[in-house]
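Peer 1: Chain by chain, the residues:
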Amino acid sequence: MKIQLLQICHGRSGDKGDTANVGIIARKEEFYPIIEKYLTAERVREYFAGMVRGRVERFELPNLWALNFLLHNALGGGGTKSLKNDAQGKTLAAALLRMEIEVPDGVNI
Amino acid sequence: MKSFVRIASGQGFWGDLLTAPKAQVLGGPIDYLVMDYLAEVTMSIMQKQKKKDPKLGYAKDLIPLLKELLPACVERNIRIITNGGGVNPLECSNAVAETARSLRINGLKIGVITGDNILDRIDALGEAGHELKNMETGESLSSVRDRLQSANTYFGAWPIVEALKQGAQVVVTGRTTDTGLTLAPMIHEFEWKADDWNRLAAGTVAGHILECGGQASGGNFSADWKSVRDLAHIGFPIAEAYPDGQIIITKHESLGGMVSLQTVKEQLLYEIGNPREYITPDCIADFTTIRLKQDGADRVRLAEVKGRPATELYKVSMAYADGFTAFGTLTYSWPEALEKARAADEILRIRLKDLGLQFEEIHTEFLGFNSSHGPLSRPVKDPNEVVMRIGVRSRDLAAVERFGKELAPLILTGPPSVTGFAGGRPRPSEVISYWPALIRKEAVKPEVTVRTS
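Protein sequence lines, in the order shown, are assigned to chains A and B. Read in our numbering, the first sequence has 99 at position 99, and its numbers run on one by one without any break. Read in our numbering, the second sequence has 52 at position 52, and its numbers run on one by one without any break.
Derived from the structure by calculation, the hints contain no laboratory data. Heads up, some of the hints might be wrong.
Said to hold, decoys possible - Distance condition first, Cα-Cα at most 25 Å in a straight line; then the derived DSS-like pairs of lysine-lysine:
hint, chain 1, residue 1, chain 2, residue 2
1, B, K22, B, K67
2, B, K165, B, K109
3, A, K16, B, K67
4, A, K84, B, K405
5, B, K52, A, K16
6, B, K109, A, K84
7, A, K16, B, K133
8, A, K90, B, K226
9, A, K28, B, K293
10, B, K133, B, K353
11, A, K16, B, K405
12, A, K84, B, K165
13, A, K28, B, K226
Start from the sequences, fold in the hints, and give me the full structure.
Peer 2: Printed below as a string of structure tokens:
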């Protein structure tokens, strides 16, 4: 079945220069394997196409039921150079949480 | 040795909630108050202030704050640690001493950490073989050398530990890592050794949780923001540290906010890179080893944090002037708000082009529609209003100034039902770009002085 990532995760995002980091955290332990499997760096890169010009890296933190994504060249130059209203990528976690993902039927949300 | 110490976060950035430090001091028991003031852009702003007046260049907010807090801190034996010294910790310490005198607090011991500011030594360091290449792009410093505005080495916890050891009740530093401010009192109180990597990593993780103030105790909380009680009186986080390296993140019961597994996790994931190597001057912390456990209401226990030896390098943060930007906004109302805003953007771009102005970038967003999520934004049907926000960037100051004069004319010469131009013409502001570099630790020596007011 299809659900919105927001239903099973929360998150926070921020900046380091022109790189945004997006932390996505499963709301329950049993949701972590789902996002670990589904939310690949490649999928996230495709999702942010047109917004993120560089590569996407993914790091796993199973101890926190979390994934950390680095989106390179994502903030219009970053810092005081960026012309974006969200120059620090503060809303990018929300953007990713809006993604629709496929989860096995019967997952108890 | 104390059986535990309570270290309270008072400020998460320069501009943070001004009532928070007082709430931390009066709201319940604490041993240390740590205040982080420095973002990268802050250092270059302070450098400019110091250029105009050699007595400035530190977080001026700190002084009225101390005026209010020092008597209670001295009475309760609460020590204050802050990197608000900015690019002028010495003058900052003079102002602190003056404040103590005005409050008739005699014999206040003030620790000052200097030596991080290497702006005046850049050429000499270069001649000695310290290239200070851009650590991200590998570029040579020579490309921005003549535009450098600030250059500061990130020191860690150890210089602060030295000041505490000498009895400092207030420690004022220049560019110290946010995490070092919180780690230092733990090292001092529990006599942790310089190679006790796991405990240093635990204190560093606690520092990361505290460094953004209320963001760990219910602020900006995405999991369930409506469940957070009394954000108006949010209690900033407190690290209750134990000699064995266990740390409990908590807050004063008397204040609002919330400390839960989820609030702490969100802050742990904030602005990190590779979680296996969170590098500070003090150690390398491995965030994938952190075990979290809820330990009562508003108490989260951190345990089993693993660390690795610190590197031989300090990070240096430099800032250089990199052109100018200006921003303007206009509000378009129903009907056809978005179409009108788009048309205004097109008209403005044609006019800028006709003027032959050169911009590195012109960027337009429509607030209420796509400024947060850009091309991922879903279509909106007939919105009540849309704000056009247009920004330009150029090395040519005159071009950026001219752009500022092209916005207001759109009100009478563009699409209808437009408003919201109360702020006057957009003014150019200088772009400050960063130049992160690494330097061998032996090239930069922290200097610790403890003076008595």
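Peer 1: For every hint, state whether the structure bears it out.
Peer 2: Here is what the structure says about each hint:
no.: 1; hint: K22/B to K67/B; in the structure: 11 Å, holds
no.: 2; hint: K165/B to K109/B; in the structure: 11 Å, holds
no.: 3; hint: K16/A to K67/B; in the structure: 34 Å, violated
no.: 4; hint: K84/A to K405/B; in the structure: 21 Å, holds
no.: 5; hint: K52/B to K16/A; in the structure: 30 Å, violated
no.: 6; hint: K109/B to K84/A; in the structure: 45 Å, violated
no.: 7; hint: K16/A to K133/B; in the structure: 18 Å, holds
no.: 8; hint: K90/A to K226/B; in the structure: 19 Å, holds
no.: 9; hint: K28/A to K293/B; in the structure: 14 Å, holds
no.: 10; hint: K133/B to K353/B; in the structure: 37 Å, violated
no.: 11; hint: K16/A to K405/B; in the structure: 33 Å, violated
no.: 12; hint: K84/A to K165/B; in the structure: 46 Å, violated
no.: 13; hint: K28/A to K226/B; in the structure: 19 Å, holds
In this structure, the earlier hints numbered 3, 5, 6, 10, 11 and 12 are contradicted, and the remaining ones agree with it.
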